[in-house]
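Novice: Please model the entire structure based on the sequences and the hints provided.
The lines below spell out each chain.
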Amino acid sequence: MSSTGKSPWIVHYDGSSCNGCDIEVLAATTPLYDVERFGVVNTGNPKHADILLITGSVNEQNVPVVKQIYEQMMEPKVVIACGACACSGGIFRDCYNTLGGADVVVPVDVYAPGCAIRPETIIDAVVKGIEILEQKRKALKNKTLVEPDVSRMQSARDKVVDGQTVAEIASNSTLE
Amino acid sequence: MSNKTVIPFGPQHPVLPEPIHLDLVLEDEKVVQAVPQLGFIHRGLEKIVEKRDYLHFVYVAERICGICSFGHSLGYSQAVEGLMGVEVPERAEYLRDIWQELSRIHSHLLWLGLLADGFGYENLFQQAWRLREIVLNIFEKTTGGRVILSVCNIGGVNRDIDNDELRAICDDLDKLLDGYKPITETFLDDASVHSRLDGVGYLSKEEAEDLSLVGPFGRASGLDNDIRSIGMGAYGKLAAFEPQLSNIGDGYARTEVRINEVVQSVQIIKELVSKIPDGPVYNKPKGNPPEGRFLTRVEQPRGEAVYYVKGNGSKFLERFRVRTPTSQNLAGLLKILQGCDYADVPLNILTIDPCISCTER
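For the protein sequence lines, the chains are A and B, in the order given. Under this note's numbering, the first sequence has 830 at position 150, and the numbering climbs by one with no breaks. Under this note's numbering, the second sequence has 464 at position 322, and the numbering climbs by one with no breaks.
Calculated from the structure, these hints are not laboratory results. As the structure is a computational prediction, the values presented were derived from the model and not from experiment. There may be inaccurate statements among the hints.
In silico SDA-like cross-links for lysine to any residue, where the CA-CA straight-line distance does not exceed 25 Å [stated by the list, open to error]:
1. LYS727/A to PRO156/B
2. LYS417/B to CYS312/B
3. LYS189/B to GLY843/A
Simulated DEER-style distance windows between Cβ atoms [said to hold, decoys possible]:
4. GLU848/A to PRO432/B: 41 to 47 Å
5. ASP804/A to ASP331/B: 40 to 46 Å
6. ALA485/B to ASP804/A: 37 to 43 Å
7. VAL826/A to ASN145/B: 47 to 53 Å
8. GLU848/A to LEU437/B: 38 to 44 Å
9. LYS818/A to LYS426/B: 56 to 62 Å
10. LYS818/A to ASP340/B: 49 to 55 Å
11. GLU800/A to LYS146/B: 45 to 51 Å
12. GLU716/A to ALA485/B: 23 to 29 Å
These stretches of chain B come out as covered by chain A in the derived footprint (C-beta under 8 Å, 3 or more residues) [as the list claims (entries may be wrong)]:
13. 150-157
14. 182-194
15. 284-293
No residue lacks a Cβ here, since even glycine has one placed at the ideal position from N, Cα and C.
Specialist: Quick look at the structure:
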């Protein structure tokens, strides 16, 4: 199984980014950076994917979408927060409709900085993600894989929006 | 036959990197109606103009959209300069328009790639994005950033490009055109491309006029709506400017208009480089924006964007409002989706070149 572990497929979701990171994720798959030579394929289907790339912060409306894509992915899976907004909310942190980084909703394994993120950083982050994927695969085989928790960024999850904490919004919202 | 089916499209869909959700009401294979649902990337960016002072907000304005990032910082700067009466040095105006035209080339090449991917032409997609990297290299050389440039500022630009570098840019663009010619031949003459684009999403000039469409979407239906024609900034110094128009009004015409605009932008850059005067590039604004309002327009790659600022005498603006091209063009999208085949929905959405993060801000 080690050979398949080195060819991860990625699925990309744009939380509420400005598009800068999204086009850089796509640029990483085109001839100059060409991650496909390492077997990294950008797929549209979450069930085919090993790595979820989230760009942009999350807001109330896309919380259920991010959650659903994460839940549709098969174990083992890795989440990479691409760019400053996905890591912490970035420049939009103070906006009224921004809840925070991707980690207020789903557990994030790799934080990749940059505004906008550079394709080289994305490649580095995916390589880091492959290592974590391999560890998780072993843990899954030995039945020691534990469900990761999202409480690492507790301060962001305690922020109150419209009388509810971000953590409550994240756990209560469902896709209609 | 009157059984209607509702099929959801998006928000996560392979054809667009951005989230848009459409409820498509189908009768068999025909789309009867499309109901959009927006707000997946709404950030509430206009509101934080009250928390960031007017000099810092230019960096927020730039992040309305990562594709036309330079244009948004330009529009905001123009609006605040108009409000405060700041004189922009002439060289800075030329440099701004050079960067703006480079943005247009990069945006159109990006779109051509996405379109090719949309009709399953992977090779053409990769070729278009390979050429786009030439423009991104120019951005990186002249500003340090690839997509977010942070170079436009109130009162001018943050960096100068020296004249040797400007000539090198023209050489790079010549190389781009060499590689561009073969892919345009494929886009415009290939039979399989014709079969996917001919007649897709037809819109007459009257309909385009009624919906006040902006940008290449309107121009492909024969609507002369190019804001560059009125000659703001350095565009007024051009010897001649002819907007690229087409009277066909379908997806093929939209492709043709954008393909021609890339070549036109290269010519504009070359003309601006040959005429650029020497001098300073930044005139530091003094004091705070006074009470008052100002409205200005910029021709973005996707069409006309309107910027409005309202000052109250403090260093924080009271209101910033932007009407972006796609928010205007969405009405046209819903119109062309009515009556199209379900299989053509992704292509119809792509031909208007939607930018959702602009629309929702």
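Novice: Enumerate the violated hints, using their earlier numbering and listing them in ascending order.
Specialist: none
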